[in-house]
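Letter by letter, the chains look like this.
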Amino acid sequence: MIIRISDDALARALGADELADAFAGKGHEVQRTSSWGMQWLEPLVEIDGKGWGPAAIEDVDDILEGGANEIAIGTIVDHPFIARQQRLTFARAGKTRPLNLKDYEATGGWSGLRRARQIGAEQILTEVTQSGLRGRGGAGFPAGIKWQTVAKAQGERKYIVCNADEGDSGTFADRMLMEGDPFALIEGMAIAAEAVGADKGYIYIRSEYPDAIRKMERAIVLSAGIVAPFELEVRIGAGAYVCGEETSLLESLEGKRGEVRAKPPLPAIEGLFGRPTVVNNVLTLAAVPHILAEGGASAYERLGLARSKGTMPIQLAGNIKHGGLFETAFGVTLGELVNEIGGGTESGRPVKAVQVGGPLGAYIHPDDFGIRFDYEEYTAADALIGHGGITVFDDTADMGAMARFAMEFCAAESCGKCTPCRIGAVRGVEIIDRIRAGGRPADHVERMDVIHNAPRHGRSQEQEIGLLTDLCETMKFGSLCALGGFTPFPVMSALKHWPEDFTRAEAPVEAAE
Amino acid sequence: MSTKEHKIGEIVAEHHRREGPLLPILHAVQEEFGCVDAESEALIAKGLNLSRADVHGVVSFYHDFKANLEARPEVQICRAEACKARGVEQIMEAAATAAGDRVKLTDVYCLGLCSSGPSARVGDRLHARLDGPKLAGIIENA
Chain A
1 MIIRISDDAL
11 ARALGADELA
21 DAFAGKGHEV
31 QRTSSWGMQW
41 LEPLVEIDGK
51 GWGPAAIEDV
61 DDILEGGANE
71 IAIGTIVDHP
81 FIARQQRLTF
91 ARAGKTRPLN
101 LKDYEATGGW
111 SGLRRARQIG
121 AEQILTEVTQ
131 SGLRGRGGAG
141 FPAGIKWQTV
151 AKAQGERKYI
161 VCNADEGDSG
171 TFADRMLMEG
181 DPFALIEGMA
191 IAAEAVGADK
201 GYIYIRSEYP
211 DAIRKMERAI
221 VLSAGIVAPF
231 ELEVRIGAGA
241 YVCGEETSLL
251 ESLEGKRGEV
261 RAKPPLPAIE
271 GLFGRPTVVN
281 NVLTLAAVPH
291 ILAEGGASAY
301 ERLGLARSKG
311 TMPIQLAGNI
321 KHGGLFETAF
331 GVTLGELVNE
341 IGGGTESGRP
351 VKAVQVGGPL
361 GAYIHPDDFG
371 IRFDYEEYTA
381 ADALIGHGGI
391 TVFDDTADMG
401 AMARFAMEFC
411 AAESCGKCTP
421 CRIGAVRGVE
431 IIDRIRAGGR
441 PADHVERMDV
451 IHNAPRHGRS
461 QEQEIGLLTD
471 LCETMKFGSL
481 CALGGFTPFP
491 VMSALKHWPE
501 DFTRAEAPVE
511 AAE
Chain B
1001 MSTKEHKIGE
1011 IVAEHHRREG
1021 PLLPILHAVQ
1031 EEFGCVDAES
1041 EALIAKGLNL
1051 SRADVHGVVS
1061 FYHDFKANLE
1071 ARPEVQICRA
1081 EACKARGVEQ
1091 IMEAAATAAG
1101 DRVKLTDVYC
1111 LGLCSSGPSA
1121 RVGDRLHARL
1131 DGPKLAGIIE
1141 NA
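So the protein sequences, as listed, match chains A and B. Taking the working numbering, the leading residue of the first sequence gets 1, the next gets one more, and so forth. Taking the working numbering, the leading residue of the second sequence gets 1001, the next gets one more, and so forth.
Quick caveat, the hints were computed from the structure, so don't treat them as lab data. These figures come from a predicted structure and were not determined experimentally. A hint or two may mislead.
To be verified - If you anchor each label on the Cβ, the simulated ranges turn out as follows:
#1 B:K1004 with A:E376: 55 to 61 Å
#2 B:E1039 with A:R157: 45 to 51 Å
#3 B:T1097 with A:R422: 32 to 38 Å
#4 A:V77 with B:L1069: 49 to 55 Å
#5 B:R1125 with A:D367: 41 to 47 Å
#6 B:P1073 with A:E233: 39 to 45 Å
Heads up, the beta-carbon is just placed ideally off N, CA and C, and yes, glycines get one too.
Work out the full structure, taking the sequences as your base and the hints as a guide.
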């Protein structure tokens, strides 16, 4: 019997290797595939298209006999979580062995690159632009326009850089793609190289993803002959969240401190080592092979709504019953994602808040669950899609503590180049602490007789909230990059929707003179 | 020539023709010696014709590079939003008790296992769907 078990990092973290060994020990052939993305069912065992999960070593005999009914999910492709999806970027998820070139070819692999080489740079640029593909890393910049800029830029050498520094909590699509379908990313990068005239590509992967690093390195070796003369190399990050920002990532690749660069010049014109560079997220590049395959561009353009075209691999995370990867056309509402597809919280308690777009994304209140997945709709609501991560919190969450954490995280991860982010985040933590303490009494200096220009009554909670609002404005408009610029989103949204989590404390008693 | 000098010379020689060789070199040095200390910084600087300040600036910027050798085994625990939503904060006390002085606990911000936290990493081995006793077990075996 052929047993299929994922070798995705999540499945492995939940004991998939031991499970695979147990099946192999009973004399069965075990194939290690990519993950279907139904993460609450990992490790998922697949036999003849039917699934069992989450499976444990004790279930092995039962599964082999066709029993283990309590964990049987029936035919995997008919499972509502899979059947409801529209998978383009993750079309191979669960179906192929990640590092098997035959599997990749048999599922349409390299057809995008072959066609790209036939139609030439000009036509590739036209099709990618027509598809409406926008950067999936968060900023949502049209990929075709970026590529055109690089193609037109003058330079003796050009680069394709893949941003695989997926540091946002609640996101794992880059990881799953690199671990599950590494050749798709390579193919996308090779097509980009063809379009702009680059001969070298770098994939910058965060050090927290050891499995993805190992698989990408292996996939590059295996496919070197296919993408030649284009050359690829993996570079490993070193634990700096800010290196997910494209200019900081370029500095890091150059071997420097990951400090953000001021823009302009755009990386498309002066990027890596001052040369024209395409910097795209994993999901953006991995969406390209499909678009370049026969008729893909117009098919892609027909999906989605308004200016958000195609599909988005959405990641359901946090306190959610059915967490995992859900790829669907833009336009799905947050309520559908959390309650219908995700099945509500795992704890069974009511949903209190949902953070969309990672640590820099706004906390959205269940009253606003009608919001549709669309770049512009989120921007209008002072929120962001980011990298498509959705983190669900139940009613035990303390949103004041989460707001404080957002500032704390920004302070720890700030590159230090601009003041609003470097100092603002530290002050932000202090102000939130004072708000939560109910304001602050006049301090020693303010109470001194010689001081005439300072108030003697300390600061009330309301005044501290005013100060936080002011600080957030400054960070939002004064920071160089999204780290300082977007940290106000989680902070202010938490304050707006759950003020009671900030103001529970009584005003402090004025210290006696 | 000390063995360290020799080894770092080899590492620099292996990487110095690459574009932007410093990060790969620092990773290799840390892999070899467990840290990038002041002596290593000076040797790398010399090898790449950089100033020691340049190299120190890079080493100190990134969380991954350690200035001193850590003798204790390390367990990384994700403390980011998704794991917080799944209760990692409630099991940190048990983790600290299990770790005592023997194991070093490090906070990490996201291991990419966000639907199935709390999660932890020991070396290249990942663990998910942890609760207090499971995490304590991992720490005790680290």
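Hint by hint, here is what the structure shows:
1. B:K1004 with A:E376: 55 to 61 Å: Distance hint for K1004 of chain B, E376 of chain A holds at roughly 56 Å.
2. B:E1039 with A:R157: 45 to 51 Å: violated, 36 Å
3. B:T1097 with A:R422: 32 to 38 Å: Taking Cβ atoms as reference, T1097 of chain B and R422 of chain A lie about 35 Å apart, which means the hint holds.
4. A:V77 with B:L1069: 49 to 55 Å: Since V77 of chain A and L1069 of chain B have Cβ atoms about 51 Å apart, the given range 49 to 55 Å holds.
5. B:R1125 with A:D367: 41 to 47 Å: holds, 42 Å
6. B:P1073 with A:E233: 39 to 45 Å: violated, 32 Å
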